[in-house]
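Starting from the given sequences, assemble the full structure and let the hints guide the process.
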Amino acid sequence: MAEAPFGLLAELTHRCPLQCGYCSNPLELVRRDAELSTEDWRRVFDQARALGCLQIHLSGGEPLLRPDLPELVAHANSLGCYVNLVTSGVGLSRDRLRELASLGVDHVQLSLQDATKEGNDRIAGIKAFDRKVEAAAHVLDEGLPLTVNTVLHRQNLDNIAGIIAMAEQMGAERLELANTQYYGWALRNRAVLLPTRAQLAIADPIVAAAQERLRGRMEIVYVIADYHEAHPKPCMYGWGARQLTVAPNGDVLPCPAATVISSLTIENVRDSSLHEIWHDSPSFNAFRGFEWMQDPCRSCPRKEIDFGGCRCQAFQLTGDAAATDPVCSLSPERSTVDLILETEMAPAEVPAMAMRKMR
Amino acid sequence: MTTAVALDAVPRIRRGVKCAYDQIREAHVVLFPEGVLVLNETAASVVALCDGVRSVGDIAVVLADEYDGVEPEDVAELVARMVERRVVDVDG
Ligand code: SF4
Ligand code: SF4
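Protein chains in written order, with full-length UniProt numbering: chain L, 1 to 359; chain A, 1 to 92.
Don't take every hint at face value.
Stated by the list, open to error - Here are the computed distance ranges between Cβ atoms for each label pair:
| hint | chain 1 | residue 1 | chain 2 | residue 2 | range |
| --- | --- | --- | --- | --- | --- |
| 1 | A | 41 | L | 50 | 22 to 28 angstroms |
| 2 | L | 224 | A | 57 | 38 to 44 angstroms |
| 3 | L | 122 | A | 8 | 36 to 42 angstroms |
None of these hints come from the bench; they were simulated from the model. C-beta: ideal position from N, C-alpha, C; glycine also.
Okay, structure coming up:
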């Protein structure tokens with residue numbers, strides 16, 4: 001039997017006031033009338049806890065758009081789970097946060113699109129910067145730990161030092177700097193987002209120096225730009241190993257991006273229990289362990305470290321979800337990635353960013 | 001890259017870190033933003049004593065009552081690991 005999961009990523013809604021062109025939600029956004037009810041979510045939390053989850057990440061879209069958020073926070077807290085609120089900060093007034101904190105939010109993760117108001121609001125598609133700064137202040141006033149989250153790409157990488165300074169100013173304990181992963185919206189906007197080698201060569205040492213300088217004060221987590229690397233980033237702690245995601249409509253996903261693998265049959269909490277899905281479903285078992293691997297991964301010592309890379313990326317770029325992640329220099333398909341880099345890092349004509357929106 | 005922790009250092013559980021008992025795994029756990037740590041019994045006893053008042057040496061004395069052969073150095077090493085995982089802070 002698979003080991004019990006530690007975390008549930010609860011995507012309460014796909015609705016969001018922001019329109020980031022690299023949004024990790026799928027292109028096909030779940031509409032409000034298809035969202036799970038309060039009762040459904042309570043049951044999902046109960047089942048997640050019984051299965052072993054100790055952390056519940058309340059995410060979206062923007063979770064603050066769910067009127068039942070206070071009730072869901074209280075319920076997650078009553079189960080003994082660590083409650084993490086993942087938010088854009090838009091709508092997080094002092095009163096709102098105070099209420100949520102009193103009901104059991106343990107930690108707030110706040111997105112920041114860029115270092116400056118101008119850059120942030122251009123990428124977010126709405127005026128959000130000032131409200132983020134205010135939200136950060138409320139989190140600090142409430143005595144909650146704050147993580148600032150920034151997705152990096154060609155449009156903001158040059159401002160990396162400013163982003164780090166901004167997170168410091170906001171009082172963050174942690175800063176997650178994650179280079180864009182190209183699925184869904186980000187894939188569509190890849191030619192606008194893919195950073196150049198020159199940008200990364202400047203940014204990487206700035207991040208390394210800041211990690212050193214801020215040690216013990218602000219932890220900086222840096223997720224590499226994998227297209228530019230020789231080896232893929234590890235897939236979580238392995239597929240179906242530590243965490244599960246429930247989408248707004250109740251779809252249960254082994255990873256947040258898993259809907260891109262169209263060959264995968266996805267289960268739903270309306271039809272089965274999380275216990276059944278975690279342990280017995282074909283989707284969760286598809287890439288567990290090492291048996292599913294092909295060469296070169298199968299006989300590669302790095303498989304214990306990177307689990308053959310990203311299944312979603314393998315599927316999107318090769319059409320086979322069990323293939324070696326094509327960013328790997330050992331992959332027979334690495335040339336696909338090199339060609340993308342060549343043509344999209346500095347395209348002759350940069351297309352306009354397709355802003356995220358519901359159809 | 002574990003930094004050594006002195007015997008007179010005073011460890012304290014970090015803000016935003018919660019200690020709990022998980023009935024499912026039948027183990028003590030610490031919950032924090034970046035994850036979950038499942039503790040063995042000794043580690044759980046050490047973490048529970050990281051109250052911002054007792055030093056590493058004090059904790060070793062308390063634990064020596066409960067367990068045989070607890071050395072202050074063992075406690076220091078365990079605290080160092082917890083510092084690295086950002087579960088506890090030390091001052092002093
Ligand atoms: S399959 Fe890819 S997107 Fe999904 S968790 Fe693994 S690495 Fe991330
Ligand atoms: S061949 Fe597979 S396991 Fe080896 S480094 Fe590449 S992706 Fe990782």
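query: Which hints from the list above does the structure break, by number from lowest to highest?
result: Going through the list in order, the structure violates hint 3 alone and respects the others.
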